[in-house]
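Engineer: For chain A, the structure is supplied; the task is to place chain B on it using the hints.
There are 2 protein chains.
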Amino acid sequence: MPSPHDFKLQDGTVVDHLPVGTAARALAILGLPREGPVTVGMNVPSTRYGHKDIIRVEHLELRKSETDRLALLGPHVTVAIVKGGRVADKLRLEVPERLVGVIRCTNPTCITNHERISPVFDRVAASPLQLRCAYCERFGSEPFPFIA
Amino acid sequence: MPSPHDFKLQDGTVVDHLPVGTAARALAILGLPREGPVTVGMNVPSTRYGHKDIIRVEHLELRKSETDRLALLGPHVTVAIVKGGRVADKLRLEVPERLVGVIRCTNPTCITNHERISPVFDRVAASPLQLRCAYCERFGSEPFPFIA
Chain A
12 MPSPHDFKLQ DGTVVDHLPV GTAARALAIL GLPREGPVTV GMNVPSTRYG HKDIIRVEHL
72 ELRKSETDRL ALLGPHVTVA IVKGGRVADK LRLEVPERLV GVIRCTNPTC ITNHERISPV
132 FDRVAASPLQ LRCAYCERFG SEPFPFIA
Chain B
12 MPSPHDFKLQ DGTVVDHLPV GTAARALAIL GLPREGPVTV GMNVPSTRYG HKDIIRVEHL
72 ELRKSETDRL ALLGPHVTVA IVKGGRVADK LRLEVPERLV GVIRCTNPTC ITNHERISPV
132 FDRVAASPLQ LRCAYCERFG SEPFPFIA
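Top line first, the protein sequences correspond to chains A and B.
So in the numbering used here, the last one in the first sequence is 159, and the numbering has no gaps at all.
So in the numbering used here, the last one in the second sequence is 159, and the numbering has no gaps at all.
With the rest of the complex left out, here is chain A (with noise of 0.2 Å):
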């Protein structure tokens, strides 16, 4: 195997246990690559839960809003904040209670895609989750389209 390749975090945010397939969604939601290094695991083993995809980025504090997405892409994500080569923090994400201006509504008839309202959706479930807008009551369903 040659080395040294895995570029050792010291300050930054580990993504971790996203499923299989969303990181390039991650990436996007967080807006990467940008400045500074990032690693990202396709796929790889996952002692928990079999398979994983993982991100790694150093020098990113991640906001609510990112969050909040980041939450969206599967139950089991967790964010862990890295400070001086250890981790500092750890937290496990959860979809809050209400989400507004985060996903649109598919309903072609909602009155959030006629008129400059931010979409809301509710948190009705949240294992399985189920999401359900504030204004038609259609239920959203994965993969959710977020708003940039």
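You can take every hint at face value.
Same chains, same names: a pair is fine if it fits in one copy or spans any two.
Capping the alpha-carbon separation at 30 Å, the derived lysine-lysine pairs in DSS-like fashion look like this:
id, residue 1, residue 2
1, K75, K101
2, K75, K19
3, K94, K19
4, K19, K101
5, K75, K94
Derived by calculation from the structure, the hints in this document are not laboratory data.
Structural biologist: Relative to the frame of chain A, chain B by itself:
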């Protein structure tokens, strides 16, 4: 640093010393992700060239059509074949003297854009790379438009 995140490549291929920013194009050339684990480094430190992109794929043998395209991404791209966790072979990619059906000609009046003829480019210089259309003699310019 959470571990173990870096799967150890046992049998597969490492595409190394890609220029920063070319990993996405390299993944597209190789049709990744497919089956099996893939890790991608973007803008990671390189002892030789400062920074690089790198891709490691389990269970993948590259075809000539793929290595020809990868060679066009940068002047220092290497491919390492890994077997049993060790580097079995390593080659520095070179752009062939003639490319047939690999990149398109950007000259809208070139006959290759009007007739069903495979575009042909001659490598008239290696470093820096200069490719010239064999039909209309226009020089290709980066980023080269790959034929899928």
